[in-house]
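**Q** Here is what each chain is made of, one letter per residue.
Protein chains: 2
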Amino acid sequence: MSNQEGRAPVLGDASADDCSCLSIAPLGEDESVELARLFKALGDPVRLRLLSMIATRGGGEVCVCELTPAFDLSQPTISHHLKLLREAGLIAAERRGTWVYYRVLPEATDRLAAVLARPEASEGGRK
Amino acid sequence: MSNQEGRAPVLGDASADDCSCLSIAPLGEDESVELARLFKALGDPVRLRLLSMIATRGGGEVCVCELTPAFDLSQPTISHHLKLLREAGLIAAERRGTWVYYRVLPEATDRLAAVLARPEASEGGRK
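Chains V and B, in that order, give the protein sequences.
Taking UniProt numbering, I'd label the letters of the first sequence as residues 1 to 127.
Taking UniProt numbering, I'd label the letters of the second sequence as residues 1 to 127.
You can take every hint at face value.
When the alpha-carbon atoms are kept at most 25 Å apart in a straight line, the in silico BS3-like pairs for lysine-lysine are as follows:
id, chain 1, residue 1, chain 2, residue 2
1, B, Lys-40, V, Lys-83
2, V, Lys-40, V, Lys-83
3, B, Lys-40, V, Lys-40
4, B, Lys-83, B, Lys-40
5, V, Lys-40, B, Lys-83
Only part of the chain V face toward chain B is listed, based on derived beta-carbon distances under 10 Å:
id, residue
6, Ala-25
7, Glu-34
8, Ala-36
9, Ala-41
10, Val-46
11, Leu-51
12, Thr-109
13, Leu-112
14, Arg-118
It is worth saying that the hints were derived from the structure and are not from the lab.
None of these values were measured; they are calculated from a predicted model.
Here a beta-carbon is modelled for each residue, glycine too, at the ideal position from N, C-alpha and C.
Could you build the full structure based on these sequences and the hints that come with them?
**A** This is the structure we're talking about:
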């Protein structure tokens, strides 16, 4: 996989008029592989909490030194989880001096939210 | 975990006025564990395609005998993936005679879509 500046390719456009909900048409093989990689990156509680801690900053950056103290885990372990989030294209990383700073790439989570959305749910048809 | 009729507990209500987006407030430990279990179930291309094939039926049921021919995989392998989706609370299963029939439980994917949503994205603030 070729990353440019630590950023994976965005999986298509998630514009409002381009519903790619999995409940509208069966997912193709290639799309399923791409999406599964993203979902798998979210399939760990530590990575989910890390992503959430970074995402709550909006477009702002978070130093890894601010993330590690929230966990009973070593900094290498935290860095490994952050690497997996970065490789999935969910966050971007930039090293400045001693520390690495992370920010969210919301296009990836937007894409997953669009895939999971149900058209009828947004029209009040939620069961 | 106690399942009733093959259905996992729904992770809270996903009502419109109860935003649980991960970009609003950091996820707690318990919620992260629950959500990660769901995301992990989606972190496989075969399971994603199976879920999509079932979800495109709306509230309808799909016989496992209709799902298996779409894959170059044995029926036991397909059944294993379906079991993981069921244990995660994403689908429900009912055996009738020879076959097992599956239907989606949209509350689970609704919950994940809500967690991934960004309030600003729905207001046209998508970057």
